[in-house]
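**Q** Each chain is listed here by its residues.
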Amino acid sequence: MEMFYQDISKNFQITWEVLLKDISHSKEFNPYCYHSDFYEVFKQLILSILLNEEIILLDSDLSQQELKKLTNYSEFSQFNKSINTKNLSGLSSTTDLLNKLKQVNQNWSLTLFTSGTTGLPKKVKHSFLSITRFIKVSPNKASNIWGFAYSPTHMAGVQVFFQALLNQNLIVRLFGLPKEMVFQSIEKFRITNISATPTFYRLLLPAKKSYSNVTHITSGGEKFDEKTINQLKMIFINAKITNIYASTETGTLFAANGDIFSIKPELIHFVRFEHNELLIHKSMMGVSEINSEEWYHTGDVVEVISENPLQFHFVSRSKEMINVGGYKVNPIEVEDTIRNIEGIHDVRVFSKKNSVLGNIICCEIIRTNEQLDESTIRIYLQSRLQEFKIPRLVRFVNNIPTTRSGKTKRN
Amino acid sequence: MDNIKIIINTVLKNRGKNEVENIHEISHLRNDIGFDSLDLAELTVRIEAEYDVDIFEDGPVYTIGEILQKIQ
Numbered sequence: 000m001e002m003f004y005q006d007i008s009k010n011f012q013i014t015w016e017v018l019l020k021d022i023s024h025s026k027e028f029n030p031y032c033y034h035s036d037f038y039e040v041f042k043q044l045i046l047s048i049l050l051n052e053e054i055i056l057l058d059s060d061l062s063q064q065e066l067k068k069l070t071n072y073s074e075f076s077q078f079n080k081s082i083n084t085k086n087l088s089g090l091s092s093t094t095d096l097l098n099k100l101k102q103v104n105q106n107w108s109l110t111l112f113t114s115g116t117t118g119l120p121k122k123v124k125h126s127f128l129s130i131t132r133f134i135k136v137s138p139n140k141a142s143n144i145w146g147f148a149y150s151p152t153h154m155a156g157v158q159v160f161f162q163a164l165l166n167q168n169l170i171v172r173l174f175g176l177p178k179e180m181v182f183q184s185i186e187k188f189r190i191t192n193i194s195a196t197p198t199f200y201r202l203l204l205p206a207k208k209s210y211s212n213v214t215h216i217t218s219g220g221e222k223f224d225e226k227t228i229n230q231l232k233m234i235f236i237n238a239k240i241t242n243i244y245a246s247t248e249t250g251t252l253f254a255a256n257g258d259i260f261s262i263k264p265e266l267i268h269f270v271r272f273e274h275n276e277l278l279i280h281k282s283m284m285g286v287s288e289i290n291s292e293e294w295y296h297t298g299d300v301v302e303v304i305s306e307n308p309l310q311f312h313f314v315s316r317s318k319e320m321i322n323v324g325g326y327k328v329n330p331i332e333v334e335d336t337i338r339n340i341e342g343i344h345d346v347r348v349f350s351k352k353n354s355v356l357g358n359i360i361c362c363e364i365i366r367t368n369e370q371l372d373e374s375t376i377r378i379y380l381q382s383r384l385q386e387f388k389i390p391r392l393v394r395f396v397n398n399i400p401t402t403r404s405g406k407t408k409r410n
Numbered sequence: 000m001d002n003i004k005i006i007i008n009t010v011l012k013n014r015g016k017n018e019v020e021n022i023h024e025i026s027h028l029r030n031d032i033g034f035d036s037l038d039l040a041e042l043t044v045r046i047e048a049e050y051d052v053d054i055f056e057d058g059p060v061y062t063i064g065e066i067l068q069k070i071q
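Just so you know, the protein sequences line up as chains A and B, in that order.
So that you can map any letter, position 339 of the first sequence is 338 in numbering that gives the first Met the number 0, and since no number is skipped, the others follow by simple counting.
So that you can map any letter, position 68 of the second sequence is 67 in numbering that gives the first Met the number 0, and since no number is skipped, the others follow by simple counting.
These are computed hints drawn from the structure, not numbers from a lab.
Please note: incorrect hints may appear among the correct ones.
Only pairs whose alpha carbons sit at most 25 Å apart, straight line, appear in this in silico SDA-like list of lysine to any residue [said to hold, decoys possible]: (1) A:K208 <-> B:Y61; (2) B:K16 <-> A:K187; (3) A:K80 <-> A:S59; (4) B:K12 <-> A:S354; (5) A:K351 <-> B:I25; (6) B:K16 <-> A:I240; (7) B:K12 <-> A:L176; (8) A:K42 <-> A:T70; (9) A:K352 <-> B:R29; (10) B:K12 <-> A:S108; (11) B:K16 <-> A:L61; (12) A:K352 <-> B:E56; (13) A:K208 <-> B:D57; (14) B:K16 <-> A:T375; (15) A:K42 <-> A:S25; (16) B:K16 <-> A:K226; (17) B:K16 <-> A:H34; (18) A:K187 <-> B:Y61; (19) A:K207 <-> B:T62; (20) B:K12 <-> A:S25; (21) A:K351 <-> B:Y50; (22) A:K226 <-> B:N21; (23) A:K352 <-> B:Q71; (24) B:K12 <-> A:N358.
From the derived model, a few chain B residues whose C-beta atoms are all more than 10 Å from chain A [stated by the list, open to error]: (25) M0; (26) N2; (27) I3; (28) V44; (29) E49; (30) D51.
Where is the CB? At the ideal position from N, CA and C, for every residue including glycine.
Just need the whole structure built from these sequences, with the hints factored in.
**A** Now the structure itself:
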């Protein structure tokens with residue numbers, strides 16, 4: 000019986016046959032996908048394509064208040080639609096399912112949210128093409144087994160899902176599992192491919208032994224340091240290690256060996272540099288509410304190493320955003336939330352380098368009410384912000400440093 | 000050891016988790032104390048502020064004993 004999905008932590012496994020049955024027997028579809036269960040998210044993604052319905056992916060740890068801010072709703076049952084079973088007929092084999100998925104309607108879209116630089120999260124809409132631009136389907140990938148190490152509601156997770164699905168590969172959950180279970184899964188299911196953030200890999204180190212079955216290691220979302228790469232080479236002795244440049248807005252764009260990125264000749268007209276900032280043409284991007292300009296400013300500063308072929312490396316990433324273990328945190332959003340607490344005069348949110356997560360969130364607060372303490376603030380934030388956005392260090396101060404132009408200092 | 004326990008309990012309390020009564024050298028940060036990566040990140044900063052040592056600098060530490068060795 001061919002397996003579709005394995006989750007060792009829940010002792011949960013699904014065959015392709017069960018997946019087919021679950022899909023064909025689905026009675027309802029809701030465009031708002033807000034589930035903590037990975038399999039549920041995968042099913043909704045497949046259903047949305049088969050039914051040609053838009054799907055909106057929401058992180059399962061978003062608070063009611065965050066949901067309301069993003070979507071205007073905190074509850075979505077009113078959007079349940081009955082499924083016309085005719086649309087799901089003719090799915091008698093995995094081949095039928097994959098063929099139907101490959102004939103995806105051009106109007107189909109997937110919406111995700113990314114922390115915007117203006118303080119409000121930004122809605123980004125992707126077509127099937129912009130998600131799967133770098134996905135390769137070929138017979139020599141048929142035996143791949145994927146370690147799933149991203150959240151399924153994030154762009155990177157969606158891309159890994161389609162890469163595995165369209166090649167009919169087994170997906171093994173690794174995201175959110177303790178280190179021992181990650182290695183146990185890699186060994187037990189003979190995982191060949193893993194794509195994850197550098198933080199995910201850092202937390203696996205050091206390992207007690209090596210795993211020869213893994214042939215491809217991919218990383219993106221943050222800077223991949225040389226030290227981690229070298230340590231990974233000792234564990235995954237047969238793996239080719241690739242670094243990719245991707246974001247919620249652009250999907251995957253370029254790949255690098257080490258930290259030098261090169262651009263394929265066919266993409267060269269979609270990239271340009273302005274004052275060393277990387278600009279990407281809008282035809283390469285998902286559609287967001289604010290990007291109406293011809294060229295999208297990534298905020299990423301690069302240094303061009305050679306013009307022909309075009310090669311560059313990243314000097315610094317999006318100035319204001321703080322990367323906490325691969326999750327982007329917008330300090331302005333956190334400041335705005337803290338400012339709403341009664342008894343707070345002003346606040347500064349900034350990052351501090353951290354050997355575990357790359358960066359952690361810190362804040363300094365000027366309070367008008369001396370009774371207001373750290374735990375009251377934390378309790379308030381826990382019901383309003385995702386956990387990784389909550390400052391890990393809180394300090395009460397009398398004044399807040401600003402830059403010469405009067406902006407809050409972030410470093 | 001007592002000081003490390005205070006720091007660990009601060010981190011636990013900050014996350015709304017139950018504080019620990021006793022810790023031992025063999026106590027495992029994830030399995031016994033219940034730390035996740037966010038907690039470990041906070042722990043490194045708090046220990047660094049007090050002892051001027053980044054306990055994760057050369058790779059992850061797993062037990063209280065390993066922390067004690069690093070800050071000696």
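**Q** Could you run down the list of hints and mark each one as holding or not?
**A** Going through the hints against the structure:
Restraint check: the Cα-Cα separation between K208 of chain A and Y61 of chain B comes to about 17 Å, which is no more than 25 Å; the hinted pair holds. At most 25 Å may separate the alpha-carbon atoms for a hinted pair to count; K16 of chain B and K187 of chain A exceed this at roughly 33 Å. The hinted pair formed by K80 of chain A and S59 of chain A meets the criterion: a straight-line CA distance of about 21 Å does not exceed 25 Å. Distance restraint check for K12 of chain B and S354 of chain A: the Cα-Cα separation of roughly 22 Å lies within the 25 Å cut-off, and the hinted pair is therefore satisfied.
Our distance criterion of 25 Å between C-alpha atoms is broken by K351 of chain A and I25 of chain B, whose separation comes to about 30 Å. Between K16 of chain B and I240 of chain A the alpha-carbon distance is near 38 Å, which puts this suggested pair outside the 25 Å criterion. For the hint linking K12 of chain B to L176 of chain A, the alpha-carbon distance of about 23 Å falls within 25 Å, and the restraint holds. Pair hint K42 of chain A plus T70 of chain A holds up; C-alpha atoms about 22 Å apart against a cutoff of 25 Å.
Distance hint between K352 of chain A and R29 of chain B is fulfilled; the C-alpha atoms sit about 22 Å from each other, no more than 25 Å. Using a Cα cut-off of 25 Å, the hinted pair K12 of chain B and S108 of chain A is violated, with the two alpha carbons roughly 42 Å apart. A threshold of 25 Å between alpha carbons decides the hint, and for K16 of chain B with L61 of chain A the separation of about 19 Å falls inside it, so the pair holds. Taken as a hint, the K352 of chain A and E56 of chain B pair is honoured in the structure, with Cα atoms around 11 Å apart against an allowance of 25 Å.
Among the hinted pairs, K208 of chain A with D57 of chain B is consistent with the structure: their alpha-carbon atoms are about 18 Å apart, no more than 25 Å. For a cut-off of 25 Å, the pair hint linking K16 of chain B to T375 of chain A stands: about 15 Å separates their Cα positions. Taking the CA atoms of K42 of chain A and S25 of chain A, the gap is near 9 Å; set against the 25 Å cutoff, the hint holds. Using a Cα cut-off of 25 Å, the hinted pair K16 of chain B and K226 of chain A is violated, with the two alpha carbons roughly 33 Å apart.
Of the supplied pair hints, the one linking K16 of chain B and H34 of chain A holds, its CA atoms being roughly 24 Å apart against a limit of 25 Å. Proximity of K187 of chain A to Y61 of chain B is assessed by CA-CA distance (about 24 Å); at most 25 Å being required, the pair is judged to hold. With a C-alpha separation of about 16 Å, the suggested pairing of K207 of chain A with T62 of chain B holds against the 25 Å cut-off. Between the alpha carbons of K12 of chain B and S25 of chain A the distance comes to roughly 43 Å, so the proposed pair goes past 25 Å and is violated.
Distance check on the hinted pair: K351 of chain A and Y50 of chain B sit about 17 Å apart at the alpha-carbon level, within 25 Å; holds. Restraint check: the Cα-Cα separation between K226 of chain A and N21 of chain B comes to about 35 Å, which exceeds 25 Å; the hinted pair is violated. Of the pairs offered as hints, the one joining K352 of chain A and Q71 of chain B holds, with about 23 Å between alpha carbons and a cut-off of 25 Å not exceeded. A distance of roughly 21 Å separates the Cα atoms of K12 of chain B and N358 of chain A; the hinted pair therefore holds under the 25 Å criterion.
Separation of M0 of chain B from chain A is adequate, the least Cβ-Cβ distance of about 22 Å exceeding the 10 Å criterion. Under the 10 Å C-beta cut-off, the non-interface status given to N2 of chain B relative to chain A holds; the minimum distance is some 18 Å. Against chain A, the non-interface label of I3 of chain B holds: every CB pair exceeds 10 Å, the least being about 17 Å. Not every Cβ of chain A is farther than 10 Å from the Cβ of V44 of chain B; the closest lies at roughly 6 Å, contradicting the non-interface assignment.
Chain A leaves E49 of chain B outside its interface by the beta-carbon criterion, the shortest separation being 13 Å against a cut-off of 10 Å. For D51 of chain B, the shortest C-beta to C-beta distance to chain A comes to about 14 Å, beyond the 10 Å cut-off, and the non-interface label holds.
The earlier numbered hints that this structure contradicts are 2, 5, 6, 10, 16, 20, 22 and 28.
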